[in-house]
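Asks: Take a look at the letters that make up each chain.
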Amino acid sequence: KAGVTQTPRYLIKTRGQQVTLSCSPISGHRSVSWYQQTPGQGLQFLFEYFSETQRNKGNFPGRFSGRQFSNSRSEMNVSTLELGDSALYLCASSLGGGLETQYFGPGTRLLVL
Amino acid sequence: AQKITQTQPGMFVQEKEAVTLDCTYDTSDPSYGLFWYKQPSSGEMIFLIYQGSYDQQNATEGRYSLNFQKARKSANLVISASQLGDSAMYFCAFTGNQFYFGTGTSLTVIP
Chain A
488 KAGVTQTPRY
498 LIKTRGQQVT
508 LSCSPISGHR
518 SVSWYQQTPG
528 QGLQFLFEYF
538 SETQRNKGNF
548 PGRFSGRQFS
558 NSRSEMNVST
568 LELGDSALYL
578 CASSLGGGLE
588 TQYFGPGTRL
598 LVL
Chain H
5 AQKITQTQPG
15 MFVQEKEAVT
25 LDCTYDTSDP
35 SYGLFWYKQP
45 SSGEMIFLIY
55 QGSYDQQNAT
65 EGRYSLNFQK
75 ARKSANLVIS
85 ASQLGDSAMY
95 FCAFTGNQFY
105 FGTGTSLTVI
115 P
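Residue numbers (the working numbering), protein chains in the order written: chain A, 488 to 600; chain H, 5 to 115.
Read the hints as simulated data drawn from the structure, not as lab findings. Keep in mind it's a predicted model, so treat the numbers as computed, not measured. Mixed in with the good hints there might be a few duds.
Covered, in the sense of this in silico footprint (three residues per stretch, anywhere, with C-beta under 8 Å from a C-beta of chain H), are these stretches of chain A [what the hints assert, rightly or not]: (1) 527-538; (2) 573-583; (3) 586-592.
For each residue, glycine too, the CB sits at the ideal point set by N, CA and C.
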């Protein structure tokens, strides 16, 4: 069974631009979560989607948004990029969320100049 | 509020030796899960082992075992017979309604 895939793997943007990252979960998994990882803040939870609905949300500004499609694929969007948004963005999928194991994709490295 | 703590920023271990990575958590929920992940320099988070709060026995997966002490709220990872490829960041994670990750421990295996 194929793992979690994320595209693109690397991205360079400038301040003020917006960016969309994509995540395809493991087949059959309906929950997708997004995380931001930086050296200073560590791993921080952004949001979780289950059956096209946002089920949980972390403490991030409204510039960070996401959505999930009927095939469970998910996208996250960051508008009006700031230098501090430079990070590794990780997507994880699980069967139904909750106490289940999350399986991570390879991540998207975003650099904002 | 849930909280998870890893107190060892960096650890060194000799190849073929065992090493224990510490993790403590704080929760008032009766039902929760504890996980360990490995993150090599490539960035991908690799699932290693899971322990449920109601599990009576400590979880084991190959060379990985989880030393679960519920009363002390600790979930330490034990890696036996360390290999050079074990050099990576290791994260402890706790889940109630969402995943909470610790700050990680950088493990270096010395030949």
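Asks: Look at each hint and say if it fits the structure.
Replies: These are the hints, each one checked on the structure:
no., hint, result
1, 527-538, "holds (count 4)"
2, 573-583, "holds (count 3)"
3, 586-592, "holds (count 7)"
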